[in-house]
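Each chain, letter by letter, is given below.
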Amino acid sequence: MKIGASYYPEVLPENDWDKDLKTGREVGLNVLRCGEFAWSALFSPEGKATMGWVRRFLDTAATNGYEVVWCTPSATPPPYLFDRWPDLNATSIDGLVMPTGIRRHYCPSHPGYLELCAENAQRLAQEFGAHPAIHGWQVDNEIAGDGFTCWCDRCGAAFQTWLEKRYGTLDHLNAAWQTGVWSQVYTRWQQIRVPLLFRGSQAPALKLAWRRFRSDNWLNFYRNQADALRAGGARNVTTNFYNLAWDLPFDRWDWRPHLDAMGVSNYQDQALVSNAFELAVLQGPQPGEKPLWVLEQKAGQQASQNFLPDDLGRLERHIAICAEAGAEYGVYWHMRQHAAGCEMEHGAVLRHDGRATRIARAIGNAIKGSAAKTANHAPAERLLVFSFNQFWANETRPPMGGAYDYRVEIETTWFDAAQQAFGKIRIGNYGDAANGRSLILAPFFQLNEPGAEAAFKSALNGGATLITTVDFLRLDNENNVRRIAPLAGMAGWCEIPDLELYQLKPGTTVKGGIAGQAVAGGTFWAIPMTSGTPSARYREIGSGQCEGCTGPMALEFKVGPGRVIVALTALDTAGVLAFLRNL
Amino acid sequence: MKIGASYYPEVLPENDWDKDLKTGREVGLNVLRCGEFAWSALFSPEGKATMGWVRRFLDTAATNGYEVVWCTPSATPPPYLFDRWPDLNATSIDGLVMPTGIRRHYCPSHPGYLELCAENAQRLAQEFGAHPAIHGWQVDNEIAGDGFTCWCDRCGAAFQTWLEKRYGTLDHLNAAWQTGVWSQVYTRWQQIRVPLLFRGSQAPALKLAWRRFRSDNWLNFYRNQADALRAGGARNVTTNFYNLAWDLPFDRWDWRPHLDAMGVSNYQDQALVSNAFELAVLQGPQPGEKPLWVLEQKAGQQASQNFLPDDLGRLERHIAICAEAGAEYGVYWHMRQHAAGCEMEHGAVLRHDGRATRIARAIGNAIKGSAAKTANHAPAERLLVFSFNQFWANETRPPMGGAYDYRVEIETTWFDAAQQAFGKIRIGNYGDAANGRSLILAPFFQLNEPGAEAAFKSALNGGATLITTVDFLRLDNENNVRRIAPLAGMAGWCEIPDLELYQLKPGTTVKGGIAGQAVAGGTFWAIPMTSGTPSARYREIGSGQCEGCTGPMALEFKVGPGRVIVALTALDTAGVLAFLRNL
Amino acid sequence: MKIGASYYPEVLPENDWDKDLKTGREVGLNVLRCGEFAWSALFSPEGKATMGWVRRFLDTAATNGYEVVWCTPSATPPPYLFDRWPDLNATSIDGLVMPTGIRRHYCPSHPGYLELCAENAQRLAQEFGAHPAIHGWQVDNEIAGDGFTCWCDRCGAAFQTWLEKRYGTLDHLNAAWQTGVWSQVYTRWQQIRVPLLFRGSQAPALKLAWRRFRSDNWLNFYRNQADALRAGGARNVTTNFYNLAWDLPFDRWDWRPHLDAMGVSNYQDQALVSNAFELAVLQGPQPGEKPLWVLEQKAGQQASQNFLPDDLGRLERHIAICAEAGAEYGVYWHMRQHAAGCEMEHGAVLRHDGRATRIARAIGNAIKGSAAKTANHAPAERLLVFSFNQFWANETRPPMGGAYDYRVEIETTWFDAAQQAFGKIRIGNYGDAANGRSLILAPFFQLNEPGAEAAFKSALNGGATLITTVDFLRLDNENNVRRIAPLAGMAGWCEIPDLELYQLKPGTTVKGGIAGQAVAGGTFWAIPMTSGTPSARYREIGSGQCEGCTGPMALEFKVGPGRVIVALTALDTAGVLAFLRNL
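Protein chains in written order, with my numbering: chain H, 1 to 583; chain F, 1 to 583; chain S, 1 to 583.
There may be inaccurate statements among the hints.
Once the Cα atoms are required to be at most 20 Å apart in a straight line, the calculated EDC-like pairs of lysine to aspartate or glutamate come out as [stated by the list, open to error]:
{"hint": "1", "chain 1": "S", "residue 1": "LYS505", "chain 2": "H", "residue 2": "GLU343"}
{"hint": "2", "chain 1": "S", "residue 1": "LYS511", "chain 2": "H", "residue 2": "ASP171"}
{"hint": "3", "chain 1": "H", "residue 1": "LYS48", "chain 2": "S", "residue 2": "ASP171"}
{"hint": "4", "chain 1": "S", "residue 1": "LYS505", "chain 2": "H", "residue 2": "ASP269"}
{"hint": "5", "chain 1": "F", "residue 1": "LYS511", "chain 2": "S", "residue 2": "ASP310"}
{"hint": "6", "chain 1": "F", "residue 1": "LYS2", "chain 2": "F", "residue 2": "GLU343"}
{"hint": "7", "chain 1": "H", "residue 1": "LYS511", "chain 2": "F", "residue 2": "ASP260"}
{"hint": "8", "chain 1": "F", "residue 1": "LYS48", "chain 2": "H", "residue 2": "ASP269"}
{"hint": "9", "chain 1": "S", "residue 1": "LYS505", "chain 2": "H", "residue 2": "ASP311"}
{"hint": "10", "chain 1": "F", "residue 1": "LYS48", "chain 2": "F", "residue 2": "GLU115"}
{"hint": "11", "chain 1": "H", "residue 1": "LYS505", "chain 2": "F", "residue 2": "ASP260"}
{"hint": "12", "chain 1": "H", "residue 1": "LYS505", "chain 2": "F", "residue 2": "GLU115"}
{"hint": "13", "chain 1": "H", "residue 1": "LYS505", "chain 2": "F", "residue 2": "ASP310"}
{"hint": "14", "chain 1": "F", "residue 1": "LYS505", "chain 2": "S", "residue 2": "ASP171"}
Derived from the structure by calculation, the hints contain no laboratory data.
Use the sequences and the hints to build the structure in full.
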């Protein structure tokens with residue numbers, strides 16, 4: 001793994017470049033990420049390239065032995081562009097126009113802006129794509145990060161076009177969304193408006209569609225520049241995904257084919273399991289298939305250079321996780337503290353005056369400590385399903401029982417338990433289930449996504465064990481509840497018992513045991529209602545008690561050569577672990 | 001009492017109707033409420049009636065022995081109407097335009113919408129008014145509920161017209177509102193703007209007027225459809241008032257004459273005393289005068305079908321309260337869980353798949369348990385005054401002492417204590433005081449409403465006991481403080497002692513006793529300042545102590561053959577009870 | 001000191017005037033402040049003066065022996081002006097138009113409004129400037145108080161003009177602000193927009209400039225009327241600054257030359273040290289130079305007349321502070337409780353009905369108690385530097401370490417400790433340091449304001465002791481971090497050791513001792529990194545420990561005949577006191 005840092009030559013004295021880069025080398029750095037906010041320095045208002053300094057800087061970088069990832073500067077359009085296009089400002093979720101002076105405040109559907117960004121990207125690639133220091137390219141910066149997206153009428157029109165392409169006719173859309181509820185039947189595409197989160201009462205189907213559109217619309221924004229970069233001769237084109245823990249704006253499984261490397265911002269503000277989960281999602285079902293680039297990670301505390309109390313050991317543990325995941329690059333943000341702008345007190349490898357302090361020493365130690373680490377990929381036999389559509393559906397729907405966060409459940413309960421049980425586990429989308437796995441974990445898979453049933457069935461036909469939860473396939477693919485009994489989504493596979501499905505109020509838990517282990521569940525619980533011997537049709541696993549009711553913690557069904565195990569409640573980590581250790 | 005549920009045939013497969021209705025009958029239901037969100041299904045965008053399904057459904061209902069309350073669908077205008085009238089969207093309290101895709105998002109002053117709603121109502125009545133299943137009609141749904149009202153300039157213009165009618169001239173208005181304070185003297189009606197709650201510093205007089213206008217403007221909205229329904233041949237026309245605990249948008253005493261039955265949503269999320277208070281206000285000063293329809297009550301938990309922990313016994317206790325109040329209908333929301341829309345996880349009698357679960361069984365038990373209950377009306381001799389104007393005035397005024405909520409005080413302290421002391425008590429407006437009562441409770445009656453003094457005086461002349469608080473008639477009818485001493489509003493009735501009126505900071509209480517009972521007071525406290533023997537002019541009741549001060553808890557004045565008892569502090573329930581038991 | 005109250009003859013019955021003023025005299029009052037909201041009563045919509053009542057009132061005041069401060073009424077333009085100028089409404093910080101019906105809701109850059117306000121002010125002065133009751137004039141009321149300022153495009157244009165005057169060229173501005181960060185390079189003045197606080201991510205340099213502009217723009221607003229008043233013959237012209245604890249909208253050192261008396265609202269909601277600090281800032285570096293007018297102080301609790309529990313002793317303690325500060329006037333808000341408007345329950349000397357209650361008696365006692373107090377000014381030798389620019393810079397910048405409030409630190413730690421150590425201390429701007437002081441306290445002086453270095457150096461050359469903190473001169477004058485090592489701003493004065501500067505997370509403290517006293521520090525801490533003997537270059541003071549690190553609490557440097565003592569952490573009051581007592 002090569003370790004580096006972001007560097008901002010465009011706002012630093014040219015005299016300092018060589019000295020800063022040499023200091024970085026002494027710390028152990030040999031990668032640089034540059035240019036993501038440098039529009040003002042790269043192009044004049046008239047559109048003339050003013051890139052002489054870039055070549056001088058790249059030469060300095062090459063001389064000092066650095067590999068450089070250069071970025072397109074579209075995250076920070078200069079003020080004169082808002083002068084030229086008063087409709088370039090994004091509209092916020094509450095319908096107000098975003099101000100200038102910030103970043104990511106442009107509308108991603110603006111045709112003039114898209115064209116200019118592509119043109120600039122191509123010129124950058126043509127100019128520097130062949131420079132020996134350049135090893136890759138990043139489009140924009142943390143696209144749609146911090147919840148920044150646009151809710152303007154132009155995006156609304158793009159949404160309508162997207163809907164028309166997806167549903168064909170309004171009749172199909174009205175039927176799929178069940179718009180008869182509350183008389184929302186649409187008679188013109190133009191009536192379907194951006195669902196400003198003004199009220200919580202808009203339809204879950206509309207909100208999910210908007211989430212899906214946004215992912216596609218931003219993918220279009222990314223591809224517009226990625227294609228231009230490649231047309232200009234660039235290789236290794238990617239972007240830096242924003243931390244999963246902060247937002248899930250894109251379906252990364254859709255984006256993956258369009259990225260030459262898997263880039264990410266992976267800040268260590270989070271628990272280590274979050275850092276590991278982020279990388280496991282990035283690796284996907286075939287670790288090693290694509291280079292893994294951690295393009296931002298924290299140098300010291302987020303908001304400053306040196307902090308007391310601080311846990312410098314985290315720097316080493318984080319780098320170790322990256323190395324085990326087989327990351328090619330680990331890039332700190334950033335090399336030297338900014339003197340201006342809202343991030344001027346954020347931490348960096350070097351202080352404002354370029355001095356290496358104890359942060360630099362700790363980073364140096366982390367680099368040395370990770371040098372011997374090699375990639376350690378999970379075997380292909382086990383898969384944890386993580387679906388962005390399930391997250392969006394859950395987020396945009398009223399909660400069944402206590403509210404829960406799909407990502408948090410998958411990450412901190414199922415992924416964490418699977419790591420404890422198996423060391424490592426691969427993560428993929430549901431379509432990846434059907435490729436010779438022996439164990440598939442697909443908890444909280446409520447939305448009946450296209451082909452999901454077939455993919456799971458195919459795995460079962462191959463003898464696999466599928467583990468899920470009692471809300472399995474409870475919804476159609478539009479975020480509406482199916483008019484079926486609990487678990488009846490599996491009715492074609494096996495005989496299902498009558499189940500009474502309880503919501504658990506926040507704070508209420510099912511307490512019980514699995515294989516002698518004390519476990520607990522929350523959010524919901526289902527209890528078989530049918531009397532008689534269950535053994536003919538299913539096997540009960542564990543037992544629980546909650547507010548005077550008793551019942552099993554899970555059910556196991558034989559399906560052909562395979563089996564399905566259904567957790568009847570949202571188990572805690574101990575519960576999932578007891579489960580996985582007693583398959 | 002007949003028990004039923006809301007049912008949405010327009011979004012359920014026609015094949016399910018008969019089965020669902022039969023299941024409902026097995027549970028014990030025989031009333032249905034339908035159609036309040038069915039606009040899309042009832043009329044085509046061109047305005048053609050598409051009502052064939054309604055007749056088929058009503059026939060099914062009749063066959064299965066149900067009585068039906070049908071609703072006008074004006075709560076959910078379809079998207080194409082916002083296409084036709086871009087100015088139909090309501091404006092929110094912060095001045096933003098409300099989005100489509102929700103309900104109650106129309107402007108109630110829109111002339112085209114009013115006309116169309118009336119036309120549709122009349123057509124519905126003409127078509128189905130004579131159908132044997134139809135027993136009544138509901139206009140719109142929870143009008144202005146959830147705080148939904150419109151703050152647009154069109155409503156502002158209607159407000160100005162209303163003001164001109166009420167005050168005649170700007171000179172009268174300026175004098176009444178005392179607009180000289182902060183130079184708010186108006187010189188054109190158009191200068192009086194909707195008091196967007198942008199700042200808390202607008203005049204209490206303006207805010208109270210806006211509250212009064214809103215009640216009248218919404219009454220106009222209701223009557224527009226009610227008249228049309230009746231013109232079409234409908235009988236038993238009403239609407240479902242929103243829970244008092246959630247908002248008090250209307251002066252229900254003004255609305256009462258225009259309702260053939262008293263309809264209400266009475267959700268059991270609240271304390272049982274709130275459910276009972278709601279019904280007592282609905283019954284009014286003459287219980288039995290009009291049918292009482294509880295048109296929405298909760299089936300299971302608000303947001304879901306089955307909950308653990310749950311108190312199914314509440315279902316029975318709530319139904320018992322309704323039966324004792326003499327309700328004719330008790331209608332659950334709703335029969336079968338929605339598959340789509342933001343309410344798709346809300347509870348219902350039947351599950352999404354139409355299955356009756358333990359909720360249905362508990363409702364069945366509640367129905368059986370209430371079958372033998374008969375109406376139990378309070379006697380006419382005692383009256384608790386509840387004035388919507390007092391609530392609005394208190395809400396729109398800066399607090400005198402600790403903030404309090406007029407409804408909460410009346411309901412949870414005075415109504416609750418009166419129920420404990422007398423079993424039941426009637427509730428009415430102040431004008432109802434003058435009809436041969438022996439006891440009138442009118443606490444926190446600050447606003448000097450027109451005729452209030454005369455009504456109370458007339459009761460006193462008839463020998464009644466009037467119980468109030470020391471803030472009695474402290475304000476004029478415009479929400480301004482009168483330049484008089486505490487209690488001087490009664491100066492014409494009896495001699496008033498000098499009182500020093502203290503505000504009590506939140507958390508500060510007057511501790512004392514009445515007739516040997518330990519009681520407490522809050523919010524304010526008044527202490528007689530005059531020395532000498534009080535007995536000539538008034539009698540002191542109880543004694544209290546607070547922060548080193550001492551004084552009585554109440555004063556009693558003889559007024560002709562009657563008497564006035566004034567609580568000097570906002571008593572707690574024990575205090576009011578000690579009071580009422582020692583008259 | 002003369003004590004008085006605000007009185008509102010324009011909204012009180014003329015018959016009450018004489019009685020109220022006589023009652024006030026009995027309490028001990030002999031000053032009145034009038035007219036600040038009386039526009040409606042002073043001028044007709046056509047602009048005609050309607051001031052007959054003013055003369056009658058002033059005669060009554062004179063007869064009763066009152067001195068009167070009359071105010072211009074520009075805080076409450078009447079509704080008809082918003083009719084005439086629909087663009088008069090201010091724009092709020094979130095970009096929405098402020099409603100009418102409040103106060104301070106005008107745009108201070110509106111040319112028509114400025115002209116009218118000046119004209120009215122001049123007419124008032126011409127009419128009453130020579131009346132024997134009139135002793136002074138107040139412009140507007142608590143200008144820009146409650147955070148009220150305007151964020152409209154007209155103010156934006158004025159901001160651009162102000163910027164052009166300050167920076168000359170865009171090249172200078174771009175360089176000074178370092179707009180290369182995030183590509184904010186401006187190419188037209190019009191691109192520099194009002195920094196609506198929509199996002200926290202706008203540049204600190206932009207935000208500080210906006211703060212500076214606002215102070216100047218409001219000074220222009222004040223001077224427009226002050227000049228007109230003087231042109232009309234008025235003497236003793238001032239305004240009432242809003243409490244420092246609530247906002248610091250103006251650089252009072254810039255405003256000072258334009259005020260004939262130093263006026264202030266000094267509410268006693270705050271700690272007594274805040275009341276004293278407010279007055280010390282108002283007195284400035286030369287106490288007694290200008291009359292001190294406390295134009296608003298609280299009569300009873302802010303929101304009501306009488307409160308239980310209440311601490312009436314505070315009334316006396318506050319008046320004593322004013323008297324010691326040498327205040328000429330102490331004016332209560334207000335004489336008699338309002339009957340209308342949002343302040344109708346606020347406390348006053350007299351009750352709504354004009355009755356003097358225990359509040360009046362307590363005020364009477366306070367007046368008697370302060371009669372013998374004489375002004376007690378601090379000696380010139382010691383100065384505490386308080387810079388409004390430092391406050392604004394700190395407020396508009398991301399925090400270095402735990403967030404702190406410059407005013408709070410100066411007031412509650414340094415000013416309080418200085419009072420304890422020296423009895424009294426003068427407060428001034430940094431420019432006042434260079435005038436023969438022996439001790440200058442300038443903690444948290446981060447911004448390198450123009451001439452600051454020279455002023456401090458000149459004091460050191462005179463043998464003074466300068467006490468500051470380790471963040472001294474860390475920033476340039478534009479709110480950007482200088483690319484220098486900690487304390488290197490003093491590098492020209494003495495040799496500086498290498499320091500490692502730590503941020504302390506909120507709740508983390510440096511515990512240590514100075515001269516045997518236990519003290520503590522927060523926010524940041526710096527530790528010398530260099531080995532060897534420090535004594536050659538600096539002296540270490542005290543010692544601290546934090547999270548395993550140890551180091552001194554302060555350093556002392558000899559600079560010519562003077563010395564600089566640098567606190568290495570944000571000391572608590574005990575720390576500053578131990579410091580000051582061991583110089």
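Status of each hint after checking the structure:
1. S:LYS505 with H:GLU343: Holds: LYS505 of chain S and GLU343 of chain H sit about 17 Å apart, inside 20 Å.
2. S:LYS511 with H:ASP171: Distance ~72 Å between LYS511 of chain S and ASP171 of chain H Cα, so the pair is violated.
3. H:LYS48 with S:ASP171: Holds, at about 18 Å.
4. S:LYS505 with H:ASP269: 14 Å, holds
5. F:LYS511 with S:ASP310: With a Cα-Cα distance of about 17 Å, the restraint between LYS511 of chain F and ASP310 of chain S holds, given a limit of 20 Å.
6. F:LYS2 with F:GLU343: Answer violated: LYS2 of chain F to GLU343 of chain F is near 25 Å, above 20 Å.
7. H:LYS511 with F:ASP260: Roughly 53 Å separates the two Cα atoms, so the pair is violated.
8. F:LYS48 with H:ASP269: 60 Å, violated
9. S:LYS505 with H:ASP311: Holds, at roughly 12 Å.
10. F:LYS48 with F:GLU115: 16 Å, holds
11. H:LYS505 with F:ASP260: Answer violated: LYS505 of chain H to ASP260 of chain F is near 40 Å, above 20 Å.
12. H:LYS505 with F:GLU115: This hinted pair is violated, its Cα atoms lying about 46 Å apart.
13. H:LYS505 with F:ASP310: 9 Å, holds
14. F:LYS505 with S:ASP171: 58 Å, violated
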